[in-house]
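Just need the whole structure built from these sequences, with the hints factored in.
Heads up, the sequence shown is in the numbering used here, so the first residue is 1 and it goes up one at a time.
Treat the hints with care, since some could be wrong.
To be verified - Straight-line Cα separation of at most 30 angstroms, BS3-like style, residue types lysine-lysine; simulated pairs: (1) K13 - K163; (2) K13 - K307; (3) K230 - K163; (4) K13 - K124; (5) K124 - K224; (6) K124 - K12; (7) K314 - K304; (8) K12 - K314; (9) K216 - K385; (10) K307 - K116; (11) K116 - K314; (12) K12 - K224; (13) K304 - K12; (14) K304 - K216; (15) K12 - K383; (16) K307 - K88; (17) K224 - K314; (18) K230 - K304; (19) K307 - K224; (20) K307 - K163; (21) K385 - K304; (22) K12 - K163; (23) K230 - K383; (24) K230 - K216; (25) K13 - K383; (26) K88 - K383; (27) K88 - K163; (28) K13 - K216; (29) K124 - K304; (30) K383 - K304; (31) K385 - K314; (32) K314 - K13; (33) K224 - K163; (34) K307 - K383; (35) K13 - K224; (36) K385 - K307.
Claimed, not checked - Computed spacing ranges between beta-carbons, pair by pair: (37) F114 - K307: 49 to 59 angstroms; (38) S228 - L9: 25 to 35 angstroms; (39) K116 - I171: 30 to 40 angstroms; (40) S228 - G188: 46 to 56 angstroms.
Derived by calculation from the structure, the hints in this document are not laboratory data. For every residue, glycine included, the Cβ atom is placed at its ideal position computed from N, Cα and C.
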Amino acid sequence: MTENQFAILPIKKIFFQLTIPSILSMVFSSLYMMADGIFVGRFIGAQALAAVNLIMPMMTIVLALPNMIAVGSSVKVSTALGEGNIEKAKHLFSASVLMVVGTGLTFTLLGVIFLKPLLYTVIKDATLGTLTYDYTRFFVYGLPFIMPLFAMDNFLRVCGKAKYSMCVNVIVSVMNIALDWFFIVHLGLGIEFSAISTVISMMIGSAFSFTPFFTKRMTLHFAKPQISAKEVWGILYNGSSEFFSGIAGSFIATVINGFLLTLGGVIAVASYGIVMYIDTLLVGILYGILDAIQSAVSYNLGAKEIKRTFSFFKISSITTAVVSLTCMVGILVFPDVLASIFSKSNDQEVTNMTIAALILFAPSYLFTWYNMVTSAFLTAMDKPKESMLIMAFRAMVFPLICLVLLTLFMGVYGVFFAATLSGALTFIAAIIIWNRSVHHLREIVQ
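This is how it looks when you write it as structure tokens:
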């Protein structure tokens with residue numbers, strides 16, 4: 001599919017041609033993250049799994065940066081293509097890629113200097129601190145090479161190369177799982193080799209992602225980067241809701257880890273980590289749908305096809321709602337099976353707490369789909385303020401309030417139920433914000 005077909009082909013055809021490869025891509029990406037958790041939890045132990053869970057908030061913040069640049073710039077690039085300004089689109093694309101690589105180099109330098117003292121200051125348990133450092137340092141070394149992977153899939157989809165993007169992610173996922181098995185299970189090596197497996201796989205994925213843009217057969221290809229300070233600000237501003245979500249989510253995750261360590265110890269941290277691995281799969285599917293469709297939404301908005309924009313919203317809402325409710329039922333019916341996948345057979349404490357955590361967390365999926373759909377569409381419609389407001393409620397404001405209040409009455413189990421209550425509150429806020437934001441567009445359609 002080429003980008004000029006976004007305003008021509010039937011809505012359903014565009015939707016499924018874009019989203020199916022993207023969903024498969026995100027499923028494989030989520031599976032290799034889950035594979036890390038399975039291999040670490042089952043073959044190294046609960047303490048190693050807790051170490052991985054402790055560092056994830058920091059990694060999420062760092063990897064949210066290329067995503068912010070990619071989301072913000074892909075909206076601008078798609079809008080430029082919709083307006084017929086191909087040269088502007090190429091210059092914005094090239095400058096954005098340069099920004100991503102530069103961000104990776106900057107954080108590698110900062111990590112080499114500050115990572116070890118920072119971790120040992122924050123994590124008081126020496127063994128846990130060592131495990132966390134061993135896992136994290138290899139990600140730091142590889143950031144300039146793996147960050148582009150988190151950005152290039154957006155531009156591949158802008159050019160209608162959703163299937164190619166899917167194939168890249170499948171290759172990365174399969175390779176990561178194979179390397180995890182080889183290093184951890186076959187050779188019996190430690191937690192650092194889980195990180196090495198991931199970095200090697202992502203570096204190869206980045207190389208594959210770059211390749212099509214060196215040919216002139218693509219509408220977008222590398223050209224001399226030309227971008228003004230105003231355009232840089234516009235890119236960062238428009239992608240800010242996704243970045244804020246990462247920052248806020250990481251802040252909340254850090255707070256949650258603090259509550260878990262205080263109220264339930266390493267067992268509680270490991271159990272919550274398992275819940276997050278499973279949650280990553282569902283959120284990955286939803287994100288795959290919404291991320292894939294953003295380029296088509298922005299293109300149609302740029303081409304003044306308002307009615308088609310609302311049609312994309314309707315089909316996205318129905319699809320994500322069905323996926324969310326199906327996953328919720330699956331978790332509530334099979335929590336014991338899911339818990340046992342990630343823990344050793346003799347870690348009964350971890351298994352039991354994970355089952356309880358899954359049952360309390362699962363109802364949050366009643367609301368997750370709508371909160372994500374409205375935020376993603378507002379970003380695609382170049383309304384970053386409104387999108388950021390929803391993300392603020394979803395990722396930080398309501399979770400923090402619910403976390404503090406629920407733990408007073410439910411102890412450690414209040415941590416697991418906080419997602420459900422905060423999701424419900426965000427759902428109400430998202431309905432209000434969405435209706436106010438698109439009221440004028442609905443009047444145009446009518």
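* To do: Could you work out which earlier hints the structure fails to respect and list their numbers in ascending sequence?
  => 3, 4, 5, 6, 9, 10, 11, 12, 17, 19, 29, 35
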